[in-house]
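Q: Sequence:
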Amino acid sequence: EALARALAGADQVFMYQGPSVQWDVSESVAPLGSRAQVATDIDGLVSTLVETARSGDHVLIMSNGGFGGIHEKLLTRLRERADH
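Residues 1 to 84 in the working numbering are what the sequence shown lists, from first letter to last.
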């Protein structure tokens, strides 16, 4: 419940349920309803973010590790989308 409360002000929340995560991410953000999505694949998460993000949106990525290179993957894909 604490995680959902902390994220309650976000318009959309995208979470990653990595193989080393020992708690149920979906359950933790369930109170956010349809505003929260949980992915089990980094590339799928990036694709969803690229499809969802609009000009002027703020994207915050928080992690305690490299997070599968998501920062560079997301920036690359957003640049590619902007170029088309």
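Hints were generated in silico from the structure; no laboratory data involved.
Heads up, a few of these hints could be off.
To be verified - Label-pair ranges, simulated between beta-carbon atoms:
id, residue 1, residue 2, range
1, Asp83, Ala2, 36 to 44 Å
2, Arg5, Asp83, 32 to 40 Å
3, Ala8, Ala53, 34 to 42 Å
4, Pro31, Leu60, 32 to 40 Å
5, Leu60, Ser20, 32 to 40 Å
6, Ser20, Leu75, 34 to 42 Å
7, Val21, Thr76, 22 to 30 Å
8, Gly65, Gln12, 18 to 26 Å
9, Glu1, Ala82, 23 to 31 Å
10, Thr40, Glu72, 33 to 41 Å
No residue lacks a Cβ here, since even glycine has one placed at the ideal position from N, Cα and C.
Q: Run every hint past the structure and note whether it holds.
A: So, going through the hints one by one against the coordinates:
About 40 Å separates the C-beta atoms of Asp83 and Ala2, a value consistent with the hinted range of 36 to 44 Å. In this structure the hint that Arg5 and Asp83 lie 32 to 40 Å apart at CB holds, the actual value being about 39 Å. The hint said 34 to 42 Å for the Cβ distance between Ala8 and Ala53, and at roughly 20 Å that hint is violated. As the Cβ distance of Pro31 to Leu60 is approximately 19 Å, the hint placing it in 32 to 40 Å is violated.
The beta-carbon spacing between Leu60 and Ser20, approximately 21 Å, falls outside the hinted interval of 32 to 40 Å. Evaluation of the 34 to 42 Å hint for Ser20 and Leu75 yields a failure: the beta carbon distance comes to about 24 Å. The given range of 22 to 30 Å is respected by Val21 and Thr76, whose C-beta atoms sit roughly 25 Å from each other. A hinted range of 18 to 26 Å holds for the C-beta pair Gly65 and Gln12, which are about 23 Å apart.
Between Glu1 and Ala82, the C-beta spacing of about 38 Å breaks the proposed range 23 to 31 Å. Range check, Thr40 to Glu72: Cβ separation about 20 Å, and the 33 to 41 Å hint is violated.
Hint violations for this structure: numbers 3, 4, 5, 6, 9 and 10, all remaining hints satisfied.
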